[in-house]
Amino acid sequence: MKKAFITFLLFTATMGRAATNSLARLGSPSDRLTVELVQREGNSLLLLNDAQGRELTSVRLGLETSQGDFSNGLVFQSATRPRSWRDAYKALHGKRSRTESVANELTAHFTGSRGARLDVVIRLYDDGLTFRYVLPDKGVEHTFTGEQTAYRLPVDGNRWLQRYVMSYEGDFPLQRGAERQGEWGFPALFQVGENFVLLTESDVDETYCAAHLSNEASADTYRLAYPHATEGMGLGDVAPRHRGTWKSPWRVAIVGSLADVVESTLVDDVARPSQVKDTRWIKPGRSSWVYWAYNHGAKDYEVCCQYVDLAERMGWEYVLFDWEWDEMGNGGRLEDACR
123 MKKAFITFLL
133 FTATMGRAAT
143 NSLARLGSPS
153 DRLTVELVQR
163 EGNSLLLLND
173 AQGRELTSVR
183 LGLETSQGDF
193 SNGLVFQSAT
203 RPRSWRDAYK
213 ALHGKRSRTE
223 SVANELTAHF
233 TGSRGARLDV
243 VIRLYDDGLT
253 FRYVLPDKGV
263 EHTFTGEQTA
273 YRLPVDGNRW
283 LQRYVMSYEG
293 DFPLQRGAER
303 QGEWGFPALF
313 QVGENFVLLT
323 ESDVDETYCA
333 AHLSNEASAD
343 TYRLAYPHAT
353 EGMGLGDVAP
363 RHRGTWKSPW
373 RVAIVGSLAD
383 VVESTLVDDV
393 ARPSQVKDTR
403 WIKPGRSSWV
413 YWAYNHGAKD
423 YEVCCQYVDL
433 AERMGWEYVL
443 FDWEWDEMGN
453 GGRLEDACR
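Every position in the sequence shown, counted from 1, becomes a number in the working numbering once 122 is added.
Calculated from the structure, these hints are not laboratory results.
It should be emphasised that the depicted structure is a prediction, and the values quoted were computed from it without experimental measurement.
Please note that a few of the clues may not be correct.
Unchecked claim - EDC-like mimics (lysine to aspartate or glutamate), calculated; alpha carbons at most 16 Å apart, straight line: (1) Lys369 / Glu328; (2) Lys421 / Glu449; (3) Lys217 / Asp390; (4) Lys369 / Glu186; (5) Lys212 / Asp390; (6) Lys212 / Glu222; (7) Lys369 / Asp241; (8) Lys421 / Asp444; (9) Lys369 / Asp325; (10) Lys421 / Asp458; (11) Lys217 / Asp382; (12) Lys421 / Asp448.
Stated by the list, open to error - Label pairs and their calculated CB-CB ranges: (13) Tyr413 / Asp153: 39 to 49 Å; (14) Tyr413 / Ala393: 22 to 32 Å; (15) Asn280 / Lys217: 16 to 26 Å; (16) Arg176 / Gly268: 24 to 34 Å; (17) Gly268 / Leu432: 44 to 54 Å; (18) Arg176 / Pro295: 18 to 28 Å; (19) Ser235 / Asp448: 40 to 50 Å.
For glycine and all other residues, C-beta sits at the position ideal for the given N, C-alpha and C.
Kindly produce the complete structure, drawing on both the sequences and the hints.
Here it is, written out as structure tokens:
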């Protein structure tokens, strides 16, 4: 009987190892975070842990395109050795005038259901995880039909989320404990134990679309969702399309204390450098802004002039004439207000 029981234990332990197949592991430069690439129940996942080994989030990987399924059909091929990544840049505005960022990086190579290649570049900083998809095949046209990237987070933690609307004009109310499902805009802030996790994206360009989060299918799983077909004002294709080598926006999870989240430059760190060569004309400053207090205020010349006077009295450098300035009336046009 004892022999049979030991055999059963060995069998179940073997089954557990088979259920979660570890493919690669990466630590942050100071070992504040670790991320492990695993395959579990047919899914490829990134498991992000803090220095004590506590899981902060698990991230399901996946894309769906006209060239095949890169989610359920994702087959791991190999991973590069971890390497150090360093970058330094200057900024005319933002949190720091000069930033030096350090990370560790590896690239995992996969194939999809039809044999097409997909790479996942994983970069781990001390203050967060970033990763992006790369389709390396040249001359191939992909029509993107969905992204399966999904973050799993506890339903009983505090969350600060904005209901998704096209304008991104909304509040980020605290949600406590109780399950709440819907669509949410970036950025999205979650408390996981004593840590905070802020989800967002960076380096979006014309080859793809901006995304938002949806936990409509499952309360603890926030999947990246495409814009709705009605959002494009009738312009452009609903499904993104690209021919040749392609890189997705960076998927960003900033991790740490609230101070770490606020002070992080991770979104800038992974964005491509500015293409503006001559920056002498860019001079950051303070501005009066009519729209904050007067909805549709930029249509009213007299109200705009009051905000010009306000900026002058306060010693502010700029005035912002917001939306509907091209419909300005009540005594003058935009050129008059500028003068």
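Hints, one by one, checked against the model:
no.	hint	result
1	Lys369 / Glu328	holds, 11 Å
2	Lys421 / Glu449	holds, 5 Å
3	Lys217 / Asp390	holds, 10 Å
4	Lys369 / Glu186	holds, 14 Å
5	Lys212 / Asp390	holds, 11 Å
6	Lys212 / Glu222	holds, 9 Å
7	Lys369 / Asp241	holds, 9 Å
8	Lys421 / Asp444	holds, 9 Å
9	Lys369 / Asp325	holds, 10 Å
10	Lys421 / Asp458	holds, 13 Å
11	Lys217 / Asp382	holds, 12 Å
12	Lys421 / Asp448	holds, 7 Å
13	Tyr413 / Asp153: 39 to 49 Å	holds, 46 Å
14	Tyr413 / Ala393: 22 to 32 Å	holds, 27 Å
15	Asn280 / Lys217: 16 to 26 Å	holds, 24 Å
16	Arg176 / Gly268: 24 to 34 Å	holds, 31 Å
17	Gly268 / Leu432: 44 to 54 Å	holds, 48 Å
18	Arg176 / Pro295: 18 to 28 Å	holds, 27 Å
19	Ser235 / Asp448: 40 to 50 Å	holds, 49 Å
Figure legend: structure checked against the earlier numbered hints; every hint is met.
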